[in-house]
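2 protein chains.
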Amino acid sequence: MDNETFRRYGHEFVDWLADYFENIEDYPVKSRVTPGEILSQIPLSPPKTGEDMSEIFRDFKEVVMPGITHWQHPGWFAYFPANNSPASVLAEMLTAGLGAQCMIWQTSPAASELEERMMEWLRDMIALPSGMSGVIQDTASTATLCALLTAREVKTDFRTNEEGSSGDLRVYASSETHSSIEKGVKIAGYGKENVVYIDTDENFAMIPSLLQEAIESDIKSGKIPTCVVGTLGTTSSMGMDPLEEIGNICRKYNIWLHVDAAYAGTAALVPELRGFMKGAEMADSFVFNPHKWMLTNFDCSAYFVKDPEALVRTFEIHPEYLKTAADQKVKNYRDWGIQLGRRFRALKLWFVIRSYGLEGLQAMVKEHVGLTRQFLELLESDTRFEVLAPVQLTLVCFRYNPGGLDEETLEEVNRSLLEKVNGSGEVFLTHTTLKGRYAIRLSVGQRNTSLRQINKVWELISQHAGD
Amino acid sequence: MDNETFRRYGHEFVDWLADYFENIEDYPVKSRVTPGEILSQIPLSPPKTGEDMSEIFRDFKEVVMPGITHWQHPGWFAYFPANNSPASVLAEMLTAGLGAQCMIWQTSPAASELEERMMEWLRDMIALPSGMSGVIQDTASTATLCALLTAREVKTDFRTNEEGSSGDLRVYASSETHSSIEKGVKIAGYGKENVVYIDTDENFAMIPSLLQEAIESDIKSGKIPTCVVGTLGTTSSMGMDPLEEIGNICRKYNIWLHVDAAYAGTAALVPELRGFMKGAEMADSFVFNPHKWMLTNFDCSAYFVKDPEALVRTFEIHPEYLKTAADQKVKNYRDWGIQLGRRFRALKLWFVIRSYGLEGLQAMVKEHVGLTRQFLELLESDTRFEVLAPVQLTLVCFRYNPGGLDEETLEEVNRSLLEKVNGSGEVFLTHTTLKGRYAIRLSVGQRNTSLRQINKVWELISQHAGD
Chain A
1 MDNETFRRYG HEFVDWLADY FENIEDYPVK SRVTPGEILS QIPLSPPKTG EDMSEIFRDF
61 KEVVMPGITH WQHPGWFAYF PANNSPASVL AEMLTAGLGA QCMIWQTSPA ASELEERMME
121 WLRDMIALPS GMSGVIQDTA STATLCALLT AREVKTDFRT NEEGSSGDLR VYASSETHSS
181 IEKGVKIAGY GKENVVYIDT DENFAMIPSL LQEAIESDIK SGKIPTCVVG TLGTTSSMGM
241 DPLEEIGNIC RKYNIWLHVD AAYAGTAALV PELRGFMKGA EMADSFVFNP HKWMLTNFDC
301 SAYFVKDPEA LVRTFEIHPE YLKTAADQKV KNYRDWGIQL GRRFRALKLW FVIRSYGLEG
361 LQAMVKEHVG LTRQFLELLE SDTRFEVLAP VQLTLVCFRY NPGGLDEETL EEVNRSLLEK
421 VNGSGEVFLT HTTLKGRYAI RLSVGQRNTS LRQINKVWEL ISQHAGD
Chain B
1 MDNETFRRYG HEFVDWLADY FENIEDYPVK SRVTPGEILS QIPLSPPKTG EDMSEIFRDF
61 KEVVMPGITH WQHPGWFAYF PANNSPASVL AEMLTAGLGA QCMIWQTSPA ASELEERMME
121 WLRDMIALPS GMSGVIQDTA STATLCALLT AREVKTDFRT NEEGSSGDLR VYASSETHSS
181 IEKGVKIAGY GKENVVYIDT DENFAMIPSL LQEAIESDIK SGKIPTCVVG TLGTTSSMGM
241 DPLEEIGNIC RKYNIWLHVD AAYAGTAALV PELRGFMKGA EMADSFVFNP HKWMLTNFDC
301 SAYFVKDPEA LVRTFEIHPE YLKTAADQKV KNYRDWGIQL GRRFRALKLW FVIRSYGLEG
361 LQAMVKEHVG LTRQFLELLE SDTRFEVLAP VQLTLVCFRY NPGGLDEETL EEVNRSLLEK
421 VNGSGEVFLT HTTLKGRYAI RLSVGQRNTS LRQINKVWEL ISQHAGD
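Residue numbers (my numbering), protein chains in the order written: chain A, 1 to 467; chain B, 1 to 467.
Pulled out of the complex, with its shape left as it was, chain A reads as follows (with noise of 0.2 Å):
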């Protein structure tokens, strides 16, 4: 393809997307193929000749757009939001164009400079301690296994990563935390038995004395504890483990507290919503994810520290080929993580911050939340609706539960209700399960959600309830 092709097309795929932005709420949100329907129409082999991109574009449209879940669609209201931006897809634009990789500081030192800043941004937006350090990674789940992974090597004096694991390290976290936990772990080779899952509390929040009975138990038992994974915002009920108490229970002990907030982090921005934060300054590392809830395009996780000098020994190498003049001089992010190659992801957080101001980023987070407790009031004036947790900042959690059946019946109408409402193309919602019970879960982020959304989703589930 040459060049004019390229502007060409350019022009056209912008055209594109501006008006896929513009009528995106004429998808389903949820796609609606069956499994096999896109596969059965791509070809077996590979064309032997080059095609023209008026063919690739076509095919793009209709066989690829029809698999589509519209994750940035208005009526988003599943899992958790993953919201873009116009800037943010700019700044994409022209990553992809440099095309840079940005491994070390002498193969793009703006790339590296620019995260340096960018961290020290973020650091400071959400109140973190001034000491910590921060890098960007892809997502918490590889976040939270670098914590895993250094807190491994700090607690056995770096013995691990020369011979091996030992098999005796503990890692404590809520019955409700992530489940990235559970494969950091097998990942880092604790092994699954190792990680003690403490219960929470009528919030989905972690107890505090029992994590501090799990620890006595376990060096009485001869085992070592070594990280607690704190988790603020959990991904079926945003519960938010009480991190003060949990902090001062890891200083007795000396154990690595790593905090996982990918998603509620965001919320930090607003100095009024921050209280959930209290005690993170306790946190040896912690997480939360741009590209969750902060216009940013996947992936851009930001991982804060507050030993780099741990972070790096856990995961440095040296060989010839990547040495340069400026390595003492400079931050080399190969080293903060573990691959080797990375791109320049930095500059979309640079466009988004900018573009939209820190006043901006705030007014987005109040907007959420505000929408989130218009329709908590909607399903609260509904008494055959139940709330199955308390709800925090973005997320609800309830069943419909009109009285006289029992649970199984519950879970069978509501997995219906659910079904029937994500039917509608209009709305997308998710489902989970709390203290065993089946619960559908409306988690508001989208960028371009407003309060006709809020009204529409609350007029399907109503109206649905009722058949």
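Just so you know, these hints were derived from the structure itself, not from any lab.
Be careful, since some hints might not be right.
Which copy is meant is left open, because identical chains are indistinguishable; a pair holds if it fits in one copy or across any two.
[Stated by the list, open to error] Keeping only pairs whose Cα atoms sit at most 30 Å apart, straight-line, the calculated DSBU-like set for lysine-lysine is:
| id | residue 1 | residue 2 |
| --- | --- | --- |
| 1 | Lys192 | Lys435 |
| 2 | Lys331 | Lys155 |
| 3 | Lys435 | Lys223 |
| 4 | Lys155 | Lys192 |
| 5 | Lys306 | Lys323 |
Values in this document were obtained by computation on a predicted structure and should not be read as measured data.
Given chain A, put chain B in place with the hints provided.
Showing chain B alone in chain A's frame:
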């Protein structure tokens, strides 16, 4: 930013990118900024209120661009290629705009099914066994870590996932293997001391008899041989491990064989260049990076396995909130690797493969191999230069050695030569050490590199060598 503003800047950015591609030779390949130069130009704090995109874009051009090292420059001979293409950049625009999170089938069926088919295409294109299944990983580092983890689990009947690591599992790789192996064994809890580096022959290829000896010796001392990493195209010198012999040893001792062909794998697109793949069919897992030398934007690493069930069993998690009705019928790639969150990376592969066609991609490979030969001829015509490794595919390792200089002086002289050549701004090469000798590396693989740049880089080298 409203939609019309997005449209306007989208068009402006497309034109800027097209101009950038056209005039890329106006930039010095390697950024000339000094450490801290970019950082000092970025304010310490984020703006309170939003800024206009015109200001952000101006700063991108004035502040960021001088700090970019231009990986897409035709004078790029450093490290390895990371070539992109118009088709790939166009696809990345769409991916960014859709902003779909592709963790499971339901969250974007088209992403999942297109990934499945693209991995089949790639597998067949490089002649891997048709029984292998593929998944896109971000980097070869991550793919190799996945291999090390799966090997660990298979060898311990998935007990390490449960109980933690035992510290007696052994990994083997050549002394020329990539640094990601060391990083991976540390992460996976094998311990660095449990990697056995096997010496290489004069072609920088692993010596199979030494591998066998190491395995025998380990078994005698109670260690458990678990994984062998064979490299096709070592980073320093493009060395090729003899896979067939290594594979036979792995079969004999029931050891997992992982093949790292991150860069060289693309050459297997061309049947007559595919000789180095002999024995690849014995691999349990195999990785190559379309984001290196196949015109596809980073990140896009193709990871193939014989037994996807072992891979999935190593990583799978089953939280309630991710369960869907389609789970039994589809591939949920969240369980095929470390990260839960995933970008829609198959789209750019589809665009690239269709836009170039198999023959177009083969032509690129042949062109680069031919250019490398032409450079080698120039080098060999000048007796002041010495080739330090057999030239395979697209990498030449050499040094200036007019005779009569000791090793230390040779290193000094060549380091200075490399600096002068790179100082021109017209080309960028990097270095390595081979059996203790300092070597300049010239790697050919940029999309737009032509004989003009080959002649230019030789002119610069031979001229500065005369100084």
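Against the structure, the hints come out as follows:
In the homo-oligomer, the alpha carbons of Lys192 and Lys435 lie at most 30 Å apart inside one protomer (22 Å), although the nearest pairing across protomers, at 42 Å, exceeds that limit. Proximity of Lys331 to Lys155 under the C-alpha cut-off of 30 Å is restricted to the intra-copy arrangement: shortest distance 25 Å within a copy versus 38 Å between copies. With identical chains, the CA atoms of Lys435 and Lys223 are at most 30 Å apart within one copy only, with a shortest distance of 29 Å there and 45 Å across copies. With identical chains, the CA atoms of Lys155 and Lys192 are at most 30 Å apart both within one copy (18 Å) and between copies (17 Å).
In this assembly of identical chains, Lys306 and Lys323 lie within 30 Å of each other by CA distance solely inside one copy; the values are 26 Å within and 36 Å between copies.
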